[in-house]
Amino acid sequence: MAEDGITVARAAPAIRLNVRADTHAAATVGMALGVLLGSAPCRAVITRQRTALWLGPDEWLVLAPETDQALLQQIVPVPASIVDVSHGLAGIDVIGPRAAWCINAFNALDLDPSAFPVTACTRTVFGKAQIVLWRAGADAFRIETARSFAPYVWACLDEARREFLPSPGAC
Amino acid sequence: VLHHMEDYRQTEFPHLRVWLTSTTEQWGVIALQGPSARAMLAPLVQDIDLGAMRHMTVQSCQIGGVAARLFRVSFTGESGYEINLPAGFLQPVWEALIEAGATPYGTDAMHMLRAEKGYIIVGQETDGTVTPDDLGLGRLISRGKHDFVGKRSLRLPDLSRTGRRQLVGLLTQDPRTVLEEGAQIVADPRGAVPAAMLGHVTSAYHSATLDRSIALALLENGRAQQGNTLYVPMPDGVIPVGVTAPMFYDPGGERLHG
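Chains as they are written, first to last, in our numbering: chain A, 11 to 181; chain E, 824 to 1081.
Note that these hints are calculated values from the structure, not bench results. You may find that some hints are simply not true.
To be verified - Quick list of simulated restraints, FRET-style, between CB atoms:
#1 T77/A x R978/E: 50 to 60 Å
#2 R832/E x A42/A: 19 to 29 Å
#3 V88/A x W850/E: 41 to 51 Å
#4 A42/A x L839/E: 18 to 28 Å
As the list claims (entries may be wrong) - Selected chain A positions facing chain E (in silico; Cβ < 7 Å):
#5 R30
#6 T33
#7 H34
#8 V95
#9 G98
#10 A156
#11 R157
Built from N, CA and C at the ideal position, the CB exists for glycine as well.
Next up, chain A with everything else stripped away, as it sits in the complex (with noise of 0.2 Å):
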């Protein structure tokens, strides 16, 4: 989908893992997965091609090409929870300058970049889908779904973007 100054695309495969550990251990954790960790609240954290969200004091959602197959052979050597969740999450780009426009037809947070800046992220509602919002860009947003949830998530997206589409005879 791609419109006056909105692109929704369905994001490439990629590796997640949901990750948990105590705050004190994150470091170790991180240092395992070769990822930082961050401690900021609702910051995403890139290292290189890996990218965490902070997405709790215990918990963060980590995101990787497809392709960085090794990220899934780590061994932590402290106690943990690292579950591989690839396949069940689906990811949505949002990009463009209508893009926090187009999101906030379904959500409610004030995405303002003074309030919701890039690297922000957090776990919030999408409609009635439970999503992982995150910040990548200044007009760009990914979103992260469970999978069953993606079509009805796209379909709210679409619904949003047709508000910028030039309407019949207008020109």
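Since chain A is already given, all that's left is putting chain E on it; use the hints.
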């Protein structure tokens, strides 16, 4: 279930270093069931010997080149497998099995098949009052564990007494008559109304395999009543039924384990 477990983790077992993550959406599942299941699946499985895999076991393996979990389990009474794959890799395996001759079956067929075998559906054969022992599953409950959720309840006098309503099979004298689910069972159809109701029908179907009707029921002291004739009064007449074991198909399990 996830929220229930999270609740327990936080309130009852905060000392455990345990985290919970739902993988419901991560895994796609194909239930491949029937006498040909093994032969059909074998060409797709790279690294394990299906013949050596026993009923109620699980193995990690490669299916269609993808890391999979393979369960030898059955909710149909036939020998079969449940193939777990990351959801995005499921479709090619599904298509390969269809290509090999598998037929998709829906929940109605599954309900029928599991009833022939006497496999319960929680919420259909059971409600909140039915214990594992009522279902003949008492042996699955640990006697050794010092605690588990529900252990205290199972010791309550009414839940541990004998003669409770127990799972049985019912066979109508006329094999073409299919009982109504929810219908009540009485001992004497000509007795004074209201009659003492001994139990009720929980599942009833016409079985094509057996060429007759079958039913599952919860019946007072049911296990001791096998062989007895009881009655199901309906608006248009009284239906005599024989009480049987709650299993109508392959009671020895030869097909299941074959």
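Do the hints match the structure? See the list:
| no. | hint | result |
| --- | --- | --- |
| 1 | T77/A x R978/E: 50 to 60 Å | holds (56 Å) |
| 2 | R832/E x A42/A: 19 to 29 Å | holds (24 Å) |
| 3 | V88/A x W850/E: 41 to 51 Å | violated (27 Å) |
| 4 | A42/A x L839/E: 18 to 28 Å | holds (22 Å) |
| 5 | R30 | holds (4 Å) |
| 6 | T33 | violated (13 Å) |
| 7 | H34 | violated (12 Å) |
| 8 | V95 | holds (5 Å) |
| 9 | G98 | holds (4 Å) |
| 10 | A156 | holds (5 Å) |
| 11 | R157 | holds (4 Å) |
In summary, the numbered hints that this structure violates are 3, 6 and 7.
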